[in-house]
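Undergrad: If you want the building blocks of each chain, they are given just below.
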Amino acid sequence: MEFAEEIREFLIESNENLQTLDQQMVELEQNPSDEHLIASVFRAIHTIKGTSGFFGFQTLGSITHIAESILGQVRDRARPLTPTLVSLILETVDAVRQILERIESCNEEGENSYQELRERLTAAYKEPAGEPAGEPAAATAPEPARIQGQALEASPMSERQAVSGAGKIPLPEAASSSPNGRRPERDTDPGQDRCEQSSGQQVSPSPTEEPQSDSLLHRPGQDWAGIGAAPVPNDGHQHASQERRELLGGRRATDATEGSTIRVDVKLLDKLMNLVGELVLARNQILQGSQQPNATSTTAQRLNLITSELQEGVMLTRMQPIGVVWNIFPRVVRDLAAEMGKDIRIQMEGTATELDKTIIEAIKDPLTHMVRNCCDHGIESPEVRVAKGKSPQGTILLRAYHEGGQVNIEVQDDGAGIDPGKIKSKAVQKGLITDSQAAMMQESEALRLIFLPGFSTAERVSNISGRGVGMDVVKTNIEKISGTVDIAQRSNAGTTFKIKIPLTLAIIPGLIVSIQDHQSRATAAPALRFVIPQANLVELVRLEGAAGRQQIERVHGAEVYRRRGRLLPLISLRQVLGVARSGQALQTHGSVESPDDQGSVINIVVVQAEETTFGLVVDHVNDTQEIVVKALGRQLKSLGCYLGATIMGDGKIALILDVTGLAHLAHVVTNEQQIQAVDGELAAKTLDRAQMLLLFRCKGFARLVLPLSLVARLEEIPVARTESAGGARVLAYRDTIMPLVRLDCLLDAGAADPSRPEDNLQVIVFQDGGRYIGLIVEEILDIISDNVTIKSPGTAFGLLGSGVVNGKVTDFVDLDALLRRAAGTRTDPVPTVSRSPHRILLAYPRRIVRGNLRSYLEIRGHQVIEAATWAEAAKALEQETMEVIFTALDLGDRSGADLLAHVRRLRSLESVKVAVLLGEDQTPGSATADSPGFDQYLQFSDRGAILSYLETLPTGRTAHAPANLAREHKEWAA
Amino acid sequence: MNPHPSSNGSAEGVRRSLSKIRQYATFRVADMFMGIELAHVQELMRHQEMAPVPLAPSAVEGLINLRGQIVTALDMRRIFSLPPLKSSDAPPMNIVIRSDGGPVSLLVDEIRDVLEVQGEDWRALPENLPAARRALLQGIYPLEFDLLLVIDTERVLALGAD
Chain A
28 MEFAEEIREF
38 LIESNENLQT
48 LDQQMVELEQ
58 NPSDEHLIAS
68 VFRAIHTIKG
78 TSGFFGFQTL
88 GSITHIAESI
98 LGQVRDRARP
108 LTPTLVSLIL
118 ETVDAVRQIL
128 ERIESCNEEG
138 ENSYQELRER
148 LTAAYKEPAG
158 EPAGEPAAAT
168 APEPARIQGQ
178 ALEASPMSER
188 QAVSGAGKIP
198 LPEAASSSPN
208 GRRPERDTDP
218 GQDRCEQSSG
228 QQVSPSPTEE
238 PQSDSLLHRP
248 GQDWAGIGAA
258 PVPNDGHQHA
268 SQERRELLGG
278 RRATDATEGS
288 TIRVDVKLLD
298 KLMNLVGELV
308 LARNQILQGS
318 QQPNATSTTA
328 QRLNLITSEL
338 QEGVMLTRMQ
348 PIGVVWNIFP
358 RVVRDLAAEM
368 GKDIRIQMEG
378 TATELDKTII
388 EAIKDPLTHM
398 VRNCCDHGIE
408 SPEVRVAKGK
418 SPQGTILLRA
428 YHEGGQVNIE
438 VQDDGAGIDP
448 GKIKSKAVQK
458 GLITDSQAAM
468 MQESEALRLI
478 FLPGFSTAER
488 VSNISGRGVG
498 MDVVKTNIEK
508 ISGTVDIAQR
518 SNAGTTFKIK
528 IPLTLAIIPG
538 LIVSIQDHQS
548 RATAAPALRF
558 VIPQANLVEL
568 VRLEGAAGRQ
578 QIERVHGAEV
588 YRRRGRLLPL
598 ISLRQVLGVA
608 RSGQALQTHG
618 SVESPDDQGS
628 VINIVVVQAE
638 ETTFGLVVDH
648 VNDTQEIVVK
658 ALGRQLKSLG
668 CYLGATIMGD
678 GKIALILDVT
688 GLAHLAHVVT
698 NEQQIQAVDG
708 ELAAKTLDRA
718 QMLLLFRCKG
728 FARLVLPLSL
738 VARLEEIPVA
748 RTESAGGARV
758 LAYRDTIMPL
768 VRLDCLLDAG
778 AADPSRPEDN
788 LQVIVFQDGG
798 RYIGLIVEEI
808 LDIISDNVTI
818 KSPGTAFGLL
828 GSGVVNGKVT
838 DFVDLDALLR
848 RAAGTRTDPV
858 PTVSRSPHRI
868 LLAYPRRIVR
878 GNLRSYLEIR
888 GHQVIEAATW
898 AEAAKALEQE
908 TMEVIFTALD
918 LGDRSGADLL
928 AHVRRLRSLE
938 SVKVAVLLGE
948 DQTPGSATAD
958 SPGFDQYLQF
968 SDRGAILSYL
978 ETLPTGRTAH
988 APANLAREHK
998 EWAA
Chain B
13 MNPHPSSNGS
23 AEGVRRSLSK
33 IRQYATFRVA
43 DMFMGIELAH
53 VQELMRHQEM
63 APVPLAPSAV
73 EGLINLRGQI
83 VTALDMRRIF
93 SLPPLKSSDA
103 PPMNIVIRSD
113 GGPVSLLVDE
123 IRDVLEVQGE
133 DWRALPENLP
143 AARRALLQGI
153 YPLEFDLLLV
163 IDTERVLALG
173 AD
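So the sequence lines, in the order shown, correspond to chains A and B. Using my numbering, the letters of the first sequence correspond one by one to residues 28 to 1001. Using my numbering, the letters of the second sequence correspond one by one to residues 13 to 174.
Since the hints were made in silico from the structure, they are not lab data. Hints may contain errors.
[As the list claims (entries may be wrong)] Derived Cβ-Cβ restraints for the label pairs, each shown as a range:
(1) B/R79 / A/K835: 55 to 65 Å
(2) A/T325 / B/P103: 28 to 38 Å
(3) A/V565 / B/L159: 34 to 44 Å
[Claimed, not checked] Residues of chain A clear of chain B, computed beta-carbon distances all greater than 10 Å:
(4) E40
(5) E336
(6) M367
(7) M375
(8) V455
(9) E571
(10) Q577
(11) T640
(12) R761
(13) C772
(14) D925
(15) T955
Values in this document were obtained by computation on a predicted structure and should not be read as measured data. Glycine residues also receive a C-beta, built at the ideal position from the N, C-alpha and C atoms.
Please model the entire structure based on the sequences and the hints provided.
TA: Set out below in structure tokens:
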């Protein structure tokens, strides 16, 4: 077809216009007086109208013409812009989009003439007062030619075209049959429309297209007369059907909408061209200058520089702002909100954040799904919101920002959030998890259940979200592009989905690891190198010597490493890949423990794949590099454990590991469930007998420790960043003000603050609820895992006492006392060691309270086992013998009273004392009335009273062994 | 008789019998003299350093860095169930062939000449050939000095692929 190239340009341009049009219309609705916006919308429609007239697209021309006329009225302030009008214009935009898609796929407008839409548009045009179009449109047949004259000062060319085009609009004889209240084209939501339509095009072109083309052939003069291209050539038809064949094959031929083109800044192109020129020069130098040996290194350096700049430049050409995807959301949200009677505002931050084009396209659907979910499930109706004391208008916040070579995208709503309890029970009901797993699960884990395949069900399906596309699909799609998705929420304050995706897929950062291969047939490769994509990397753990090896335990034959109190399944990369160690046969099932010739160092690369986190044991950890991903041949594609290969700096090949594939290969996924079950048992059995301790020092105290569980973060903060407020040093930290306290000043009130502005402060950050406090120390020494062997209570302020840690005497910090002094409240006297040590179960949901009290009690000789929830407490009771239970009234999953009832039901636990720990806002009086039956009511902050209460209890093991208890528990259960 | 018919014969003659003459890149694997249609061959190379691929199908010997492109190398000895090369033998050579999934290298003991043979000399495989071997061969050209076994490139490349 002779205008093929022009039409293609028209399509590209129009689609770009349409993308912004949606958003601008929604903005305009909120801000109707913005003249720039009106002008911009007007211009976009006008351009489409003009050009369609030129090509003789009649339907398109007439629709946009009326829409333009209406917008002209708005622009001239002849009528207000009502929501009804905005909907109508948006509908027009949809229709235009449909027609454009049709033009793109079969070079013609299609037989839908959008008669009904045109009538409504005309009717709307004729009521400048802006009342909802209530009267039948048929009474007033459209007279576009006059409209034209009234409202527009279009260019003569497009005017003429528009007139001739508009003149052919069939008069609506049948129009009376379509009353304006009905919206036939829009009774499903627009996204679905689009979706169905495009999939219809790609997969199964409807048979109705055939007759259209035929009719086109038989009546050549009619549709195309306007542009004089009278005989629609036969090859046009063939072209169309060939395109259709290509569509059948899953490929789109002319892909203007799908973005086969990209706009690149000419400056950037110039820069790239320059760089290529320099590259050529550098090559010439290498070719000629090989005689001069010292010139080579200079050239190599230049080459290095040019290549990195070239890499960056080429990547930039592929970069697009994320706003390209987000632009559709104001419209989506507006329509959904209107449909559901909700009031939702969408806010965007970081629209300019740039991403690789392929990634932009890949996240479009997942993001749309999430936004829909937020509208549908997240945000409540205005009445509910008002009842909850929120503003009736819900907000969806989209945020995008760069962080560490990755892009973070957040979809946040301020709705009701997700009830973890409901999620759990549903997952149990679906058989995705067991009852006991559900009981053990923490809130964040429970939330992640929504990502499990098979979780989304018909029950959830509404018109808006959940058309069989569950969150699992969202997750899979994001993981396809090496991204991760996570969910977090504040109770009753909304849900946040957080997506992390790489900037680009072609070049990724990765960690190079290696294993020794002594039986390799390739003689020149003593070590096999592999790349682990940075996106999968969690952390590196290095265990040294015999002590390190002891930290590896066996559970059901699987090796595990206790990582901060949780069991981490270990996989030996060597074993999974069946690579032999020296002197051993292939595929041995030995231990991952390193042989002596490896210097007894165990390197664990902690990686994450889908839901599982596991440790990959490798021989050597080399370094991180940016690698270029290359595809593997078909012989190796089906292996599942490699993503591809890359060429290293020395020209050798390294394979890129597919961590997810490895996990499946090593059966970690199934293993992990067993381990998790055992994890619970083990955790209850030993319950952190060896604690993770943070070792640090400050002036005058060479070795101080704190349980690591109390520490929120370790930060290094330049003094210059700190500020002074109310005479104290503070730091703006994560939206709050964090007071910073020097530990040496606390321990020794007279100490001066010697810090100079250029110093960096080592700060241990503690968190309790939303509050942070930072403790300035001189140096963080280490994080160790140790059993504290000897303890002697101290008498100095701020220290619980001393113990032996790693063979050296170390002081234990009394964090509670320090934080109290920092906050300026009283501290209680330090009593001496208990004469009657007890075994105590401490069930309290707040970790910092639990940790502080545990340290305080343990230093006085008591044995404390922690539990955060009812389930953990019950588990601990099965495993361990207890004498005293301290519980909070609210244990998250169940209440403290439930725990009391549970204990009282079991005969073997009858001698166990159960005391309740009350919060600051609770008094023993009210608690006794609300939950009677506890042996004692204590304030958790009154440590003296807790200690004295323990002193009154008789010593001695009175409780039964856990084994009996377990049996009894079963009997009772039966 | 000259074993290399390609080296004689005028251009005129070649053109006249073009439809009948076929060109094969020939090579040796153990005691087998084999050929592959020249049109499939991209290039011939000496032994290259190879990166092993753990867990790969047995036919895959490793990966070769061919000017920045990653090429899978298939061991012809293992494909034809022949004993491996002894360490004292010369290292295998590469015949890189084009395929839909990018270039693939075949590791052979020794690369021989490009031979032109007459299409009419084509013979079907003898019935007594082991079935596993038959599946990988297309046919035989009885030459003056030896039998040229023509391998079925598609089948060989499909080994290990799903």
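Undergrad: Find the hints from earlier in the document that the structure breaks and name them by number, from lowest to highest.
TA: 3
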